[in-house]
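Please arrange chain B on chain A, whose structure you already have, making use of the hints.
Residue numbers (numbering that gives the first Met the number 0), protein chains in the order written: chain A, 0 to 438; chain B, 0 to 438.
Be careful, since some hints might not be right.
Covered by chain B, per the in silico footprint, the following chain A stretches (three or more residues, Cβ under 8 Å) [unchecked claim]: (1) 163-173; (2) 176-184; (3) 208-219; (4) 243-249; (5) 404-418.
Since the hints were derived computationally from the structure, they do not count as laboratory data. Glycine residues also receive a C-beta, built at the ideal position from the N, C-alpha and C atoms.
Protein chains: 2
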Amino acid sequence: MNNFERVMERVNEKTLIVGVIGLGYVGLPLAVTFAKKGVSVIGFEKSESRAAQVNRAENYIGDVKDEDLTEVIGNKTLKASTNLSKIKECDAVFICVPTPLDRFKKPDMSYIEGSCTDIGKNMSSGTLISLESTTYPTTTEELMKPILEKESGLKEGEDFWMCYSPERVDPGNLSFKTANTPKVLGAIGKEALDVSMAIYGLAIENLHPVSSPRAAEMVKILENTYRLVNISLINELALLAGKMDINIWEVIEAAATKPFGFQAFYPGPGIGGHCIPLDPFYLEYIAKGMNFDLSMIDSAGRINNIMPHRMMSKVAFALNRHEKPIKGSKILFMGVAYKPNIDDSRESPALLLMEEVARKGGVVSYHDPYIPEVKDDHGNSYTGVELTDEVISSADCVVFTTNHSVFDVDYIVDKAKLVVDTRNAVKRVHIEDAKVFKL
Amino acid sequence: MNNFERVMERVNEKTLIVGVIGLGYVGLPLAVTFAKKGVSVIGFEKSESRAAQVNRAENYIGDVKDEDLTEVIGNKTLKASTNLSKIKECDAVFICVPTPLDRFKKPDMSYIEGSCTDIGKNMSSGTLISLESTTYPTTTEELMKPILEKESGLKEGEDFWMCYSPERVDPGNLSFKTANTPKVLGAIGKEALDVSMAIYGLAIENLHPVSSPRAAEMVKILENTYRLVNISLINELALLAGKMDINIWEVIEAAATKPFGFQAFYPGPGIGGHCIPLDPFYLEYIAKGMNFDLSMIDSAGRINNIMPHRMMSKVAFALNRHEKPIKGSKILFMGVAYKPNIDDSRESPALLLMEEVARKGGVVSYHDPYIPEVKDDHGNSYTGVELTDEVISSADCVVFTTNHSVFDVDYIVDKAKLVVDTRNAVKRVHIEDAKVFKL
Numbered sequence: 000m001n002n003f004e005r006v007m008e009r010v011n012e013k014t015l016i017v018g019v020i021g022l023g024y025v026g027l028p029l030a031v032t033f034a035k036k037g038v039s040v041i042g043f044e045k046s047e048s049r050a051a052q053v054n055r056a057e058n059y060i061g062d063v064k065d066e067d068l069t070e071v072i073g074n075k076t077l078k079a080s081t082n083l084s085k086i087k088e089c090d091a092v093f094i095c096v097p098t099p100l101d102r103f104k105k106p107d108m109s110y111i112e113g114s115c116t117d118i119g120k121n122m123s124s125g126t127l128i129s130l131e132s133t134t135y136p137t138t139t140e141e142l143m144k145p146i147l148e149k150e151s152g153l154k155e156g157e158d159f160w161m162c163y164s165p166e167r168v169d170p171g172n173l174s175f176k177t178a179n180t181p182k183v184l185g186a187i188g189k190e191a192l193d194v195s196m197a198i199y200g201l202a203i204e205n206l207h208p209v210s211s212p213r214a215a216e217m218v219k220i221l222e223n224t225y226r227l228v229n230i231s232l233i234n235e236l237a238l239l240a241g242k243m244d245i246n247i248w249e250v251i252e253a254a255a256t257k258p259f260g261f262q263a264f265y266p267g268p269g270i271g272g273h274c275i276p277l278d279p280f281y282l283e284y285i286a287k288g289m290n291f292d293l294s295m296i297d298s299a300g301r302i303n304n305i306m307p308h309r310m311m312s313k314v315a316f317a318l319n320r321h322e323k324p325i326k327g328s329k330i331l332f333m334g335v336a337y338k339p340n341i342d343d344s345r346e347s348p349a350l351l352l353m354e355e356v357a358r359k360g361g362v363v364s365y366h367d368p369y370i371p372e373v374k375d376d377h378g379n380s381y382t383g384v385e386l387t388d389e390v391i392s393s394a395d396c397v398v399f400t401t402n403h404s405v406f407d408v409d410y411i412v413d414k415a416k417l418v419v420d421t422r423n424a425v426k427r428v429h430i431e432d433a434k435v436f437k438l
Numbered sequence: 000m001n002n003f004e005r006v007m008e009r010v011n012e013k014t015l016i017v018g019v020i021g022l023g024y025v026g027l028p029l030a031v032t033f034a035k036k037g038v039s040v041i042g043f044e045k046s047e048s049r050a051a052q053v054n055r056a057e058n059y060i061g062d063v064k065d066e067d068l069t070e071v072i073g074n075k076t077l078k079a080s081t082n083l084s085k086i087k088e089c090d091a092v093f094i095c096v097p098t099p100l101d102r103f104k105k106p107d108m109s110y111i112e113g114s115c116t117d118i119g120k121n122m123s124s125g126t127l128i129s130l131e132s133t134t135y136p137t138t139t140e141e142l143m144k145p146i147l148e149k150e151s152g153l154k155e156g157e158d159f160w161m162c163y164s165p166e167r168v169d170p171g172n173l174s175f176k177t178a179n180t181p182k183v184l185g186a187i188g189k190e191a192l193d194v195s196m197a198i199y200g201l202a203i204e205n206l207h208p209v210s211s212p213r214a215a216e217m218v219k220i221l222e223n224t225y226r227l228v229n230i231s232l233i234n235e236l237a238l239l240a241g242k243m244d245i246n247i248w249e250v251i252e253a254a255a256t257k258p259f260g261f262q263a264f265y266p267g268p269g270i271g272g273h274c275i276p277l278d279p280f281y282l283e284y285i286a287k288g289m290n291f292d293l294s295m296i297d298s299a300g301r302i303n304n305i306m307p308h309r310m311m312s313k314v315a316f317a318l319n320r321h322e323k324p325i326k327g328s329k330i331l332f333m334g335v336a337y338k339p340n341i342d343d344s345r346e347s348p349a350l351l352l353m354e355e356v357a358r359k360g361g362v363v364s365y366h367d368p369y370i371p372e373v374k375d376d377h378g379n380s381y382t383g384v385e386l387t388d389e390v391i392s393s394a395d396c397v398v399f400t401t402n403h404s405v406f407d408v409d410y411i412v413d414k415a416k417l418v419v420d421t422r423n424a425v426k427r428v429h430i431e432d433a434k435v436f437k438l
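Same shape as in the complex, but just chain A (with noise of 0.2 Å):
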C-alpha cells in the first residue's frame, strides 16, 4: 500500500491523527471541530500552560463552546501537547500560527518558518502540511516547501502533500463557525488536493478546491484587502462629509436600500483587529519585490494610520468649544475592543488615540466590560474603570471608541459633560449639538 492509499483508507476508516500547530483563534476551534467529528487531534502548542490549561479543558477562545471543549477532551479526541516528537504520528498537520507585521510593516514570517522546521524534523513520510495562517502568494510553494523538503529529507509530491486552505474565522460572528464557513483550499498537484479535500472534507462542510497554493493564498488577501480598502474609503468620506455638515452615518443607511451593488461599510477610529490591518500589506510587500506598486492598499493605509490623529483632533475640538485644552483633562473612553461584543484589543484603534491623547497631556481612562486591563503599542498599562454617575461626570470628555451593545448610551450622554462618537452610538443627534460631536 502506497502513501496515498494509506492515508486514503485512513480518511475512510476515521482512523487518522491530525495535528494542529497553534491553538489560537484559528487552532483551537479547527481542533475541536475535527474532534467533534470523532477524529483524533493532537493540538502542539509552545507554551506548558496553554497546553495544560486545553487539557484541563479551560476554554479560553470566544467561538469555542465550553461544552463542546469539555467533550472532547473529556472523551480525549482532542490533547495538546508541547511534545513536537509526536508530529510523527500525524496524518496530516494544520499550521494555524500568527503571521504578523513587524514595526516597519514587514512580513514577520518566523511562526510559520519555525513551525516548518520543526515539522520537518518530525513528521513521517505520507504527510498532508497545510498552512491556514494569512499570508502572501507563493508562501507554501516558495518558502514554506524548501523549508519542509531540507529538515526531513523526505521529497513534496513523493514523500508528502502540501496545501494552502485560508482560515476565515470572524470573532463572534454567530452564523458561520469553522465548519459551516465554505472553505477555499489550493494544493500543490492532484493527489494532495485529494487528500486535503479528503482530510477538511471530515469535519467542514464545503470545500471550494483552486488549482493552486497561490490561488487559494491570493483569495485570503483579497477578502481582507476589500475590506481595508472600503473601511478607509468611508473613513476618508466621513472626514469629508463632517466638513461639509452631512450626516455620514445617515448617508450609508440610505445608500444601504439600494437592492443591488452596494455594500455598507462604516467609519471608525481607524482599523482594528489581526486581520484587515495587516493582510493588505503582505501583498504589498510581494508586489514590491515585482516592482509593482498597489496604490489602492498604499492609499488605504494612510487613511487608517491618520484616523487616531484625526480623532485626536476631534477630542481636541470638542474640548476646545467647552474653553478647554487637552492637557490635564479627564478623558474617558468608552470601549478598547476592536469591534463590538468581544473581548480583543489587538490592533485596536482605541489603544492608538488613548495613546495619542495621553501623549498630548490628557487624563486618560477606559471603561470595557470585556477588557479588565489593556497596554498600548508603547507598552503603557491600565486598567479600567468602573462606570458610575461619578466617573462619568467627573470626565472632560467621554470618547464611545467601541460600540458594545450593553453600552446604556443615553445615561451615558445624559450624565456626561462633553461626548465624541466615533462609532455613531449616539443616535438621537444628527451630526453634533452642544454636547455630542460625532465622526
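Structure of chain B alone, referenced to chain A:
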C-alpha cells in the same frame, strides 16, 4: 387654500401634473412609471424629433417596455413637448438631465443650470422642483436654488419646494426598475419633504427620506464611488496576479464563497458607462474646493485611466508571441458596449482600447450585435462587421472587450489565430495557453 393644501389635494385626487425634463434613460422610465399609475405627465425635450418620437410611442430605451409606452401615449397620460411654457401647468418638475464631466474632468453643470433657468422662467407658485441627476453635494441648495429664485422671482420654502432624489437606474437590470427600486429623497424643510414624499409615493413603492438634499446627493456619490473604488482595486490586483501566474477570475470566484463581508467585483479593460467613471469626480471637485484630497478616488481614477493602455500592451505582447507588431496587424474587437447585453457604448473602455491600438497602427475592426456603429472620443467612426469564419480567421488577434451572452466563445476561439480575453469570456483556459491571453 394655500399652496401646500392645494398640492396635497391634487395628490389625493390624482389630478396633479408632473413634468419631466429630459427623456433619456432616466427621464423616460420615470415619466412612463408615473403615467402608468394614472398621473398626467408632460415630458420636456429640447429635441423636436425625440419629442415627436415619444409621441409616436417609438421606444428607444431598453428599460422601458414597448407596450407600456404605447399604453400611456395612447391614453394620453404621457405627452412629450418642446414647449417650456407648459412648465407652468406642472405641480412637480423632475430634472433628469445629463451631468457629464468636461475633458478636464470638471463637472459640466450647464444642463442643470439651463434646466433651472427654463423652470424659473416658467414655473407657477406651489411647484415642487426635484433633481434626479447625479451631482456633488450642495448642488440643490447652493447652485439650483439661487437660479430658480432669481428667474422666477419666487421664494423657496414659501412659494416653491425643492428636493433631491437620485436616480438609481441600472440599465439592463431585470429585477429592479424605476418603480420597485427604493428611492432616497432629501428635501429642504419639512413641508418640501411632505410634498415630495406624497408625489413620489404615487409611483415609487419604497421611499427613504434623509435629512437634507446634500445628504441625498452624497448617497448617490457614495454608491458609485464604492463601485469605482472596488473595480479599480480588482483591476490593480488583476494586473499583479497576471505577473504572479495567478488566475484572478478563479480567485474572485473562490473569495465569493465567503458568506459574509465580501462582494465580488470583476476586472476589465477599464470602467465604462455614464455613472461610475464620472460621479466620484464630482465629489473630488467639491472636495478640492475645501482643500480636501480624496486619495482613494484619486488612486482609483489613476488605475482606471491606465487600464486601456495596459490592455493595449497585452495585445502587443500576444502579437509579439506570434512575432508580429501591432502596426499593420488586423485586430478584431468583440463588443463595444460598456457592459454585457446592452446597446450603450458611453465611456466604453473598448473604444479607448480600439483608439490606442489604432494609434499604434493596428487595423481595427469590431463586432457588436447591439451596436452597428460607434464613434470614439476623437471622432473616428467605426462600422461593425458581421461575424464570419473569414472575419475571425483573418484577424491577427481577436480581443474580447464585452462579454455579451450571445457570443459563441468556443466557436470564435476555435477559428481565431490569437485571442486576448479582457472579460473572462473564455472559461476553458487557466491564464494563457498558446492561443488565449487573459487579463
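Structure-based check of each hint:
| no. | hint | in the structure |
| --- | --- | --- |
| 1 | 163-173 | holds (count 3) |
| 2 | 176-184 | holds (count 3) |
| 3 | 208-219 | holds (count 8) |
| 4 | 243-249 | holds (count 6) |
| 5 | 404-418 | violated (count 0) |
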